Amino acid sequence: MPKQCKEPVNPYAAIDNIGTKMFKKLSIKQNSNHKETSILISQNSLSNKVSHEFNLEDICLHCKKKFTKNKDSDLFCCNGCANVYQFLISNDLSKYYEIMNKVGEKPSTAEDFSDSHFSIFKNDKLNSIFKFRSNLWGFFIPEVKCAACIWLIEKSIQNISNVSDINVNILDKIVTFSLKDNEGSSLENVARSLIQIGYNPLPLPFLSSKEFRTSYEKERIKDIGISGFAFGNVMIFAASSYFGKYFGINPEINYVFIILSMIISVPATIYAGRSFFINSYNALINKKIHIDTTISFALIVSLIISIYEAYKNSGNVYFDSITGLVFLLLVGRYFHEKSIHKAKELGETIKNILPIEAFSINKGDKINVPIGKTFLADGYIIEGETEVNEASLTGEEYPVLKKKSDYVLAGSQNLLNPVTIIAEKTGSETWVSSLENLILIAKSKKSKIETQIEKILPYFTILIVLISLISFIIWSFISIQKALDIFVSILIISCPCALALATPLLMSSALKKLWEKGVIVKNQNSIETIPLVDSILFDKTGTLTCGNLSVLSYDIINKDSEINNIDEILSCFSSLSSFSLHLVSKAISKKFNNFSYKFNFKEIKEHAGKGIEGYLINSNIHVKIGNSDFIGIDNEESELNYSVYAKYDNIYFKFILTDKIQLGADNLISFLKEKNIETYLLSGDKQASVRSIANKLGINLNYVFSSLLPKNKLEFLEKLQTNGKKVMAVGDGVNDAAMLAKAHVSIASHGGTDIALHSADIFLRKSDLNLIKSTFYYCQYVKKTLKILIFVSLIYNIIAILFACLGYVDPLFAAIFMPISSLTVYLIVYFRQGKRVWE
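Numbering (full-length UniProt numbering), first residue to last: 1 to 839.
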């Protein structure tokens, strides 16, 4: 019976009844046969192997938490920590503790873990939830906190066989790696290694950034509440002191107010502002400068001076300014991060499109899809006819009619009638999963200009510190109190945040806007490169034409006698075509698909730019489909129609296929002419059909080339690049993959193959070439906006620092204005959305 579509279930309920707790409590299983020997490690041997110092009385040697000693061990709080520690020492990974001490973090407490829980990593149906694409795999690891975590994770799995290309993203808490062979076993080994060192490998499809962000926001709000409480109360005491200077106040009462302000502000500042101090400390430990360095410096200096002045009872304290600074900075940063997350919410809905049961489906499974349910796999309809909603996948606003043999996408919704499909691509191989992976790649990579600005920021911070010190020295000859005010004000009001924020915020906004309009950007650098393009190379079929080829007719060329099994032969051609992703093969496979015939092939070979061939296993009959040269017969060329040939033993067929000009192709070519961008048409098809398309679109025939193999397209592109041209390539198929990968910027048209999708920098979600024209305009708009943002950020810092140096700004006023600079950047990005570009 075909599998039924069900409501989404608990993601982990289907995984051998492991349940959610399995993923939250992954750790080490203690070998019961070695309960004592695994943890009986002498204190001397441990001291010799670890370079850090520790208290052996009641602090766990691994997680540094206090515990009550027991007869089993007086070094570890639990068996899990003992096993993790022993694993690190025995594998020469004790440097982890040195790095951990430097960054000031504590390892997570390890827990006992049942070996049966590893079954998910052995299950071929379920382990695909850890897969990005091809041989790229990944885990979400919530315990990743610092440089020590990155070092330990990389070291622990780099020596596992078949594992390579390890990358740890500390921001998204994701570790990715490549597996070569024996994927199930290798995946299990990686998971075991991570669990042995106390990290919990969770599956990526169920990572909800909103859930984790909610927890993070609660912490932020708590910090804001604490700092706000401190600021409000300290301001009451400070106001009393200020008014007392004019109306009189008992000195003892005033001193009490100062002491109360100190008691409230010092712990509140240290706790609520800990993120500033931690970021600065971690950066300094790694010999880097963070944008929080100047803030931390200003807070520390202000606290020390205020505590000293409170001790002297001089009255010159900054407790109100300090608590106000922390409160306003946290509020400003909270809304700043909210805006960043809003701009980065690319494909958030995509993560939730496929339920967990989609990952238990295999290729070839028949699936009944009731009305209103989501398709769980990419595949062909074998029974029924319906309309589907593809809005979240392709951007298509209206329902799309799907008939028998039509292709449907996982994640689309069945709207009209129950249908049955046969699964072609499942789990992480589906088109919707590819979209999610592209979005993740786009978000994780930084643009060149963002990287350049990040390199400049440390020098900017050093410059700010020098300016503040010089100003302090100059003003100290007039008034020490005024000099201190100016020193702190400069450190606070100067804002590297605005410079650091400008590019990532703009790029995130641009990615989101392009996504909404139907353009997926995988490489952020392409946004910067597109305005520089002066040459563009187009493939023909599936790019400038719709690529929705259909078979008009067929003819038997050498029909000397009557053939009784024509339907079987045509079905044989359809079966062989199903092994190819070429548009011609898809058309033949769709036209003559007959499920009543079953064919098994051997020695299947696809020749790029030529065709596909194979041998029937039972009869050893040679079957070929391709162009006339590949089949070995003469060809009479037509214009827009395509002639494709096939051979079954000694019987030859000729198929006539037709195609249409792609939507927006004429507008795009006209736009490129206006911009003086050289437009080339490179195709593997015959000259007549290629020139016909070129004439219809107005492409200069001197720039039209036919009968090209993939290597010829690549050589042509490299020649242009050698001549100093900035080249864009636009294609859709396997034949274009090398050209797309080599170009300065590349676009895969809608409906392209997976290889083209992963080779290109940009992917079109809709079959509309007007999107490329709009993308050109929008990227130019983004480039102009970026210049405005950098200009505004620089002008703000110049004016703000100048006024602070002249003594017109006090610390509290500086604290108010610092977040305003970041807000200005956000408002510029928000109001410059480029709406006219898309109209």
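Calculated from the structure, these hints are not laboratory results. Some hints here could point you the wrong way.
Unchecked claim - With a straight-line Cα cutoff of 30 Å, these simulated DSS-like cross-link-like pairs (lysine-lysine) come out:
no.: 1; residue 1: K773; residue 2: K660
no.: 2; residue 1: K602; residue 2: K173
no.: 3; residue 1: K773; residue 2: K787
no.: 4; residue 1: K605; residue 2: K591
no.: 5; residue 1: K373; residue 2: K602
no.: 6; residue 1: K173; residue 2: K404
no.: 7; residue 1: K586; residue 2: K711
no.: 8; residue 1: K696; residue 2: K363
no.: 9; residue 1: K586; residue 2: K373
no.: 10; residue 1: K726; residue 2: K654
no.: 11; residue 1: K590; residue 2: K366
no.: 12; residue 1: K686; residue 2: K598
no.: 13; residue 1: K783; residue 2: K586
no.: 14; residue 1: K598; residue 2: K673
no.: 15; residue 1: K586; residue 2: K602
no.: 16; residue 1: K403; residue 2: K425
no.: 17; residue 1: K711; residue 2: K513
no.: 18; residue 1: K660; residue 2: K675
no.: 19; residue 1: K517; residue 2: K660
no.: 20; residue 1: K726; residue 2: K783
no.: 21; residue 1: K673; residue 2: K654
no.: 22; residue 1: K773; residue 2: K784
no.: 23; residue 1: K404; residue 2: K590
no.: 24; residue 1: K766; residue 2: K363
no.: 25; residue 1: K373; residue 2: K404
no.: 26; residue 1: K742; residue 2: K591
no.: 27; residue 1: K586; residue 2: K696
no.: 28; residue 1: K425; residue 2: K218
no.: 29; residue 1: K512; residue 2: K719
no.: 30; residue 1: K373; residue 2: K455
no.: 31; residue 1: K654; residue 2: K725
no.: 32; residue 1: K654; residue 2: K591
Claimed, not checked - Simulated restraints, written as ranges between beta carbons of each label pair:
no.: 33; residue 1: N695; residue 2: N558; range: 33 to 39 Å
no.: 34; residue 1: A688; residue 2: L827; range: 40 to 46 Å
no.: 35; residue 1: I474; residue 2: N313; range: 26 to 32 Å
no.: 36; residue 1: N702; residue 2: D165; range: 41 to 47 Å
no.: 37; residue 1: K363; residue 2: V331; range: 29 to 35 Å
Quantities reported herein were computed from a predicted structural model and do not represent experimental measurements. Virtual Cβ for every residue (Gly too), placed ideally from N, Cα, C.
Hint consistency between K173 and K404 [alpha-carbon to alpha-carbon, up to 30 Å]: At roughly 44 Å apart (the allowed maximum being 30 Å), K404 and K173 break the hint.
Pair hint outcome, K654 versus K591 [Cα-Cα no greater than 30 Å]: 14 Å, holds
Straight-line alpha-carbon gap K512 to K719, limit 30 Å: 35 Å, violated
30 Å limit on alpha-carbon distance, applied to hinted pair K660 and K675: Within the cut-off at roughly 26 Å; holds.
30 Å Cα cutoff - pair K726, K783: 17 Å, holds
Hinted pair K696 and K363, Cα distance within 30 Å: 41 Å, violated
29 to 35 Å as the expected CB spacing between V331 and K363, which holds or is violated: About 53 Å separates the Cβ atoms of K363 and V331, which means 29 to 35 Å is violated.
30 Å limit on alpha-carbon distance, applied to hinted pair K590 and K366: Holds, at roughly 18 Å.
Pairwise hint evaluation, K591 against K742, where the allowed Cα distance is 30 Å at most: Outside the cut-off at roughly 35 Å; violated.
Agreement of K673 and K654 with the hint, judged by alpha carbon distance not exceeding 30 Å: 38 Å, violated
Given hint K363 paired with K766 - CA-CA distance at most 30 Å: Judged against 30 Å, a Cα distance of about 26 Å means the pair holds.
30 Å Cα cutoff - pair K403, K425: Answer holds: K403 to K425 is near 19 Å, not above 30 Å.
Of the numbered hints given earlier, the model fails hints 2, 5, 6, 8, 10, 12, 13, 14, 17, 21, 26, 28, 29, 30, 31, 34, 37; all others are met.
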